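Q: Below, each chain spelled out in residue letters.
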Amino acid sequence: MAVAAVRTTNPMLLVLIAVVVVFVVAARRSSAPWSRSLAVFFRLGLIVIAIRVVVEVVFGLRLPGNVLFALPRVPLPAWAAGVSIGGPVTVESVLQAAVDGLRLAVILLCFGAANSLASPYRLLRCLPTVLYEAGVAVTVALTFAPEVVIALGTTRDARRLRGRPTRGIAGLRGLAIPVLEGALDRSLQLAASMDARGYGRRFVAPTHRRVATGASALGLLLVMVGVFGALDPGSVPAGGIPILAVGSVLLAIGMTAGGRRSPRTRYRPDVWRLPEWGVVLSGCAVLGTFVVAGVAGVPGLQFTAYPLHAPILPVVLCIGILVGLLPAALAPSPGGPGHRGLDPTSVEAEPRPSAGVTGAPR
Amino acid sequence: MIRFTDVTFAYSDSDQPTLRHVDLTIGEGEFCLVVGTTGSGKSTLLGAINGLVPHFTGGHLSGAVTIDGRSTRDHPPRELADLVGMVGQNPSATFVTDVVEDELAYAMENLGVTPTAMRRRVEDTLDLLGLHELRHRSLLTLSGGQQQRVAIGAVLTASPRVLVLDEPTSALDPAAAEEVLATLTRLVHDVGMTVVIAEHRLERVVPFADRVILVPGSGEDLIVGRPQEVMAESPVAPPIVELARMAGWEPIPLSVRDARRMAGPLRRRLAGLEAGLPASSLPGAMPEPLAAAERVSSAYGSVMALNRIDLGIRRGEVVAIMGRNGSGKSTLLGLLAGLRKPTKGRVKIDGQEPGDLPPRKLIKLVGLVPQDAAVLLYCSSVADECEAVDRESGLLPGTTASTLDRVLPGVPRHHHPRDLSEGQRLALALAVILAPAPPLVLLDEPTRGLDYPSKDRLVSLLQELAADGHGVVLATHDVELVARVADRAVVLAEGEVVSDGAAREVVCHSPVFAPQVAKVLAPETWLTVDEVRAALTASVR
Numbered sequence: 004m005a006v007a008a009v010r011t012t013n014p015m016l017l018v019l020i021a022v023v024v025v026f027v028v029a030a031r032r033s034s035a036p037w038s039r040s041l042a043v044f045f046r047l048g049l050i051v052i053a054i055r056v057v058v059e060v061v062f063g064l065r066l067p068g069n070v071l072f073a074l075p076r077v078p079l080p081a082w083a084a085g086v087s088i089g090g091p092v093t094v095e096s097v098l099q100a101a102v103d104g105l106r107l108a109v110i111l112l113c114f115g116a117a118n119s120l121a122s123p124y125r126l127l128r129c130l131p132t133v134l135y136e137a138g139v140a141v142t143v144a145l146t147f148a149p150e151v152v153i154a155l156g157t158t159r160d161a162r163r164l165r166g167r168p169t170r171g172i173a174g175l176r177g178l179a180i181p182v183l184e185g186a187l188d189r190s191l192q193l194a195a196s197m198d199a200r201g202y203g204r205r206f207v208a209p210t211h212r213r214v215a216t217g218a219s220a221l222g223l224l225l226v227m228v229g230v231f232g233a234l235d236p237g238s239v240p241a242g243g244i245p246i247l248a249v250g251s252v253l254l255a256i257g258m259t260a261g262g263r264r265s266p267r268t269r270y271r272p273d274v275w276r277l278p279e280w281g282v283v284l285s286g287c288a289v290l291g292t293f294v295v296a297g298v299a300g301v302p303g304l305q306f307t308a309y310p311l312h313a314p315i316l317p318v319v320l321c322i323g324i325l326v327g328l329l330p331a332a333l334a335p336s337p338g339g340p341g342h343r344g345l346d347p348t349s350v351e352a353e354p355r356p357s358a359g360v361t362g363a364p365r
Numbered sequence: 002m003i004r005f006t007d008v009t010f011a012y013s014d015s016d017q018p019t020l021r022h023v024d025l026t027i028g029e030g031e032f033c034l035v036v037g038t039t040g041s042g043k044s045t046l047l048g049a050i051n052g053l054v055p056h057f058t059g060g061h062l063s064g065a066v067t068i069d070g071r072s073t074r075d076h077p078p079r080e081l082a083d084l085v086g087m088v089g090q091n092p093s094a095t096f097v098t099d100v101v102e103d104e105l106a107y108a109m110e111n112l113g114v115t116p117t118a119m120r121r122r123v124e125d126t127l128d129l130l131g132l133h134e135l136r137h138r139s140l141l142t143l144s145g146g147q148q149q150r151v152a153i154g155a156v157l158t159a160s161p162r163v164l165v166l167d168e169p170t171s172a173l174d175p176a177a178a179e180e181v182l183a184t185l186t187r188l189v190h191d192v193g194m195t196v197v198i199a200e201h202r203l204e205r206v207v208p209f210a211d212r213v214i215l216v217p218g219s220g221e222d223l224i225v226g227r228p229q230e231v232m233a234e235s236p237v238a239p240p241i242v243e244l245a246r247m248a249g250w251e252p253i254p255l256s257v258r259d260a261r262r263m264a265g266p267l268r269r270r271l272a273g274l275e276a277g278l279p280a281s282s283l284p285g286a287m288p289e290p291l292a293a294a295e296r297v298s299s300a301y302g303s304v305m306a307l308n309r310i311d312l313g314i315r316r317g318e319v320v321a322i323m324g325r326n327g328s329g330k331s332t333l334l335g336l337l338a339g340l341r342k343p344t345k346g347r348v349k350i351d352g353q354e355p356g357d358l359p360p361r362k363l364i365k366l367v368g369l370v371p372q373d374a375a376v377l378l379y380c381s382s383v384a385d386e387c388e389a390v391d392r393e394s395g396l397l398p399g400t401t402a403s404t405l406d407r408v409l410p411g412v413p414r415h416h417h418p419r420d421l422s423e424g425q426r427l428a429l430a431l432a433v434i435l436a437p438a439p440p441l442v443l444l445d446e447p448t449r450g451l452d453y454p455s456k457d458r459l460v461s462l463l464q465e466l467a468a469d470g471h472g473v474v475l476a477t478h479d480v481e482l483v484a485r486v487a488d489r490a491v492v493l494a495e496g497e498v499v500s501d502g503a504a505r506e507v508v509c510h511s512p513v514f515a516p517q518v519a520k521v522l523a524p525e526t527w528l529t530v531d532e533v534r535a536a537l538t539a540s541v542r
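Going down the list, the sequences are from chains A and B.
For the first sequence, the positions run 4 to 365 when our numbering is used.
For the second sequence, the positions run 2 to 542 when our numbering is used.
By construction, these hints were calculated from the structure, which means they are not laboratory data.
Values in this document were obtained by computation on a predicted structure and should not be read as measured data.
C-beta: ideal position from N, C-alpha, C; glycine also.
It cannot be assumed that every hint is accurate.
What the hints assert, rightly or not - Below, a sample of chain B positions facing chain A; criterion: calculated Cβ distance under 10 Å: (1) GLU80; (2) VAL85; (3) VAL370; (4) ILE434.
Bound-form chain A, shown alone:
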């Protein structure tokens, strides 16, 4: 969906995408803590739109059009030529900026949706064995975030107890050091605990393993570049698709080579079944519609504010987006029978005061 949002600038389509995303999330989210991230991303999106419009109003290039209102133009020295502050503001430029912002906001919303639907930990479980070390690093980082929030609360309370300001720049400076100190402490303890529990025991010939890890890391990098190229044709010289292909092959080789002889075993891996395939396919369908439409040049995919007109609504693309609704019905319901999601009971546990010197149970 995010890719689709990148490919279009039509505000109607963008709004439609947003609605579909929110609907799917509402239908299929669990009650785990990360599920609330959609709201956060939604707010972030609104802020992005607002900033984009304000920046446009203040600094924007002055394109001709219907003047909405005029700001006093600030004279700038010669070296700042090309940048203008103030001046007449046109409806077209504001509209264009708003649509740009909307595009970004919808992309953010899509990421928020992904975040709120999938446990980051479960995604990591799907990582191939070769990348296990990297996966653990990410898991640790993820567990770390809530701890930092708690540490922040504790430190703020402690400052209040010491009679120091808790707000403003002075407050912020006093917060950072104790929180970082706590973070370092915790990571040392965690490292000791992981080591004591057998993390990093070596069974395989080191060179073999290193080559495999290297290959998969390089592959992953190429895949990333490739995806970037596919999203924005022209940014990568060789074109996105070939790089993507090479990267994928390399990644696959590295993974099979490294994974084959890894001694590490996995506890109750997630099963990949029909519903999962359904979700993936419907996602691909949305993307497919947009790519095909882009190549075939369906009118309405792109929207420009010059000249001013109402955007048209291409039917094909609408249908394409609506396919994205399917996961709402297809996806396995969270915590359903036979599915190893997080239990709903996990949130209605006892109160864990999110902040407070006095309230952090250990």
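Assemble the complex: chain A is given as a structure, and chain B must be docked to it using the hints.
A: Chain B only, in chain A's frame:
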């Protein structure tokens, strides 16, 4: 099973060795208790068992530590993971994953156990530790006792032969601590596990131990022996042992049951005597309330942490708030300290609402020492810390330093607060809080990690504070502390006051909260050894 041969260890930044020429053998299936004052090297000794010392801490270790024939010299901790399980003081800091089941499986994944065996062992461990109802729960949502049990389970799944625990019950309420200790004894008796455990609150563990290792500190020789022998001469001893020493019981009883069987004559002697200090002997007790919570409720989201609590605190009174983990003790202290505002109801201290005051005024009214006293300290030396407090609170230069001397003389001024012992750090935090002279002083779990001498100092300090007309509120699990200092005890459960009254009545009538002396001498209501001693000497005269 575990063999220390002529082990000497020194941390790289100190010239004094922490352990000197230690020779020690711990056999299979032993339940070994390590005792000693803070900073005596208990944790170092435990860490040396699985190689975290010196592989992780640095420092120089000479001699040899072998576990089941494997030397920690050649095997880093990860190579010993299938042999030694290590559980720390703070379980939440050692969790790698987010869900109970995954955490249990983590060590096995590292060891390369096959999936079927892994599945079976996880199920076995869930049953053994009574965790099956928590299996899908997120680790962050568990209570302290549950977290500690998961931490134990997480090392048990690797089926180690040795279990090493460093103060596993220090953060737990009495009931949860019993639960963890019961689990450990079960492991020793049913599975033949070798358990080595360090613990400050001896009264909890001594009855279960086969052997006691006393670490005297400053590199002196370890004293190893059966609990009765070591306890008879140990400088640190649980109240039951002190009572036995006073009454001259032989051999020293270690459990309440043994002591009760010997206590018949003592009970008869005490029967006619006045139980403890009469209420009127509290010197500074004044009638007017200093602080009051009126029908206070507090909620986190939809969960009520406190539900319509009424509580008054008078000057010169020491109030102990007890209750299991998560019963709202800390929340109540937070409300009184003005860290948060009540959802409903009012909190008044000297007629002012603490939640509305700016920080500068607040500290002159109420001071709270949090559970982890270190969070209050952020200067790089003790002297800086004292000066910072004087400067920021607008006190005369030197006020905090002299307060610190009153709290605990001889805290080294040039040390970083992190390098202080637990007791010294608490003293510094107390000095920081007490310097602006707030009439109300709150302490959250002050005895966590404190050894007996530091605890004695804390007790006398709290009594001085009360005598000066301060109101003191303690939230604590430590029933022995409550027995010694508290005038009043309030028991909370699920955010409501269950009982509120004179500490003697509240504590003696609860099977969970009763201190050891009360259990031994019931039905007489005696709380501490000192009380008994005072009454006996008075009666002789």
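Q: Against chain A, with CB atoms and a cut of 10 Å, does the hint on VAL85/B hold up?
A: 8 Å, holds
Q: Please verify that hint: VAL370/B, Cβ, nearest Cβ of chain A, below 10 Å or not.
A: Holds, because the Cβ-Cβ distance from VAL370/B to chain A comes to roughly 8 Å (cut-off 10 Å).
Q: Does the CB of ILE434/B sit less than 10 Å away from some CB of chain A?
A: Given a least distance of 7 Å, the restraint on ILE434/B holds.
Q: Given GLU80/B as an interface hint, is its Cβ closer than 10 Å to any Cβ of chain A?
A: Cβ of GLU80/B sits 7 Å from chain A, so the hint holds.
When the structure is compared with the earlier hints, no violation turns up for any of them.
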